[in-house]
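Numbered by the UniProt record's numbering, the letters in the sequence shown go through residues 1 to 200 in order.
To be clear, the hints were calculated from the coordinates, so they are not data collected in a lab. Don't take every hint at face value.
[Unchecked claim] Cβ-Cβ distance ranges computed for the label pairs, FRET-style:
| id | residue 1 | residue 2 | range |
| --- | --- | --- | --- |
| 1 | T187 | S45 | 42 to 52 Å |
| 2 | Q188 | E9 | 39 to 49 Å |
| 3 | P106 | Q137 | 20 to 30 Å |
Note that the Cβ used here is the ideal one computed from N, Cα and C, for glycine as well.
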Amino acid sequence: MSPRHSAAEARRTRERIIERGVDVASVEGLEGLTIGRLAADLGISKSGLLGHFGTKQALQLAALERAAVIFDREVWRPASGATPGLPRLRAVCDAWISYLVRGVFPGGCLFVSSTFEQDGRTGPVRALLRRQFRAWQRRLTAEIRTAVRTGDLPADTDPDQLVFELYGVMMSLNHTTQLAPTPEAPTQATRAITRLLSPP
Numbered sequence: 001m002s003p004r005h006s007a008a009e010a011r012r013t014r015e016r017i018i019e020r021g022v023d024v025a026s027v028e029g030l031e032g033l034t035i036g037r038l039a040a041d042l043g044i045s046k047s048g049l050l051g052h053f054g055t056k057q058a059l060q061l062a063a064l065e066r067a068a069v070i071f072d073r074e075v076w077r078p079a080s081g082a083t084p085g086l087p088r089l090r091a092v093c094d095a096w097i098s099y100l101v102r103g104v105f106p107g108g109c110l111f112v113s114s115t116f117e118q119d120g121r122t123g124p125v126r127a128l129l130r131r132q133f134r135a136w137q138r139r140l141t142a143e144i145r146t147a148v149r150t151g152d153l154p155a156d157t158d159p160d161q162l163v164f165e166l167y168g169v170m171m172s173l174n175h176t177t178q179l180a181p182t183p184e185a186p187t188q189a190t191r192a193i194t195r196l197l198s199p200p
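Could you build all of it, start to finish, from the sequences and the hints given here?
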């Protein structure tokens, strides 16, 4: 096999590992990602998998990084063309609800489950999860501030409080969807978001 083909095959194998890792982590948690588990699932040797990810922690970090790419594709990009401020914020929330209801990750939002799993822990995995969380908070906060400047939201709106409440709606929808699915849940989430984002 030529070096070019060998490199291409290595990239494809790495992609398969990451894709499977994201699916496993969404159902079983980041701790469910093990070298042996993924090697068996994908029909490759442990040594072959170790050539791509030498440690369980490296697998966990790669899964979180890929999950962020998927979340961005499913939630932010569909809304990115909307007018900045309240129209974009509403579009983001619509896409966010759709992402949860459609089950983009087989076990529900990987970030929600990972947040609970990493509570009270320290280390690179929690640090990456925190950075990802903060980055999404900043995006939402920026849109809220724009909506306030344009008069689409009240001047006394507290962006941090509003982001907190938006997260609460989405986490509730994720839990309901995963634990006790009801056809009313998406509508209830939409109504809650509409109240939170009502203009003055």
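Verification of the supplied hints:
1. T187 <-> S45: 42 to 52 Å: holds, 49 Å
2. Q188 <-> E9: 39 to 49 Å: With Cβ atoms ~48 Å apart, the hint holds.
3. P106 <-> Q137: 20 to 30 Å: holds, 26 Å
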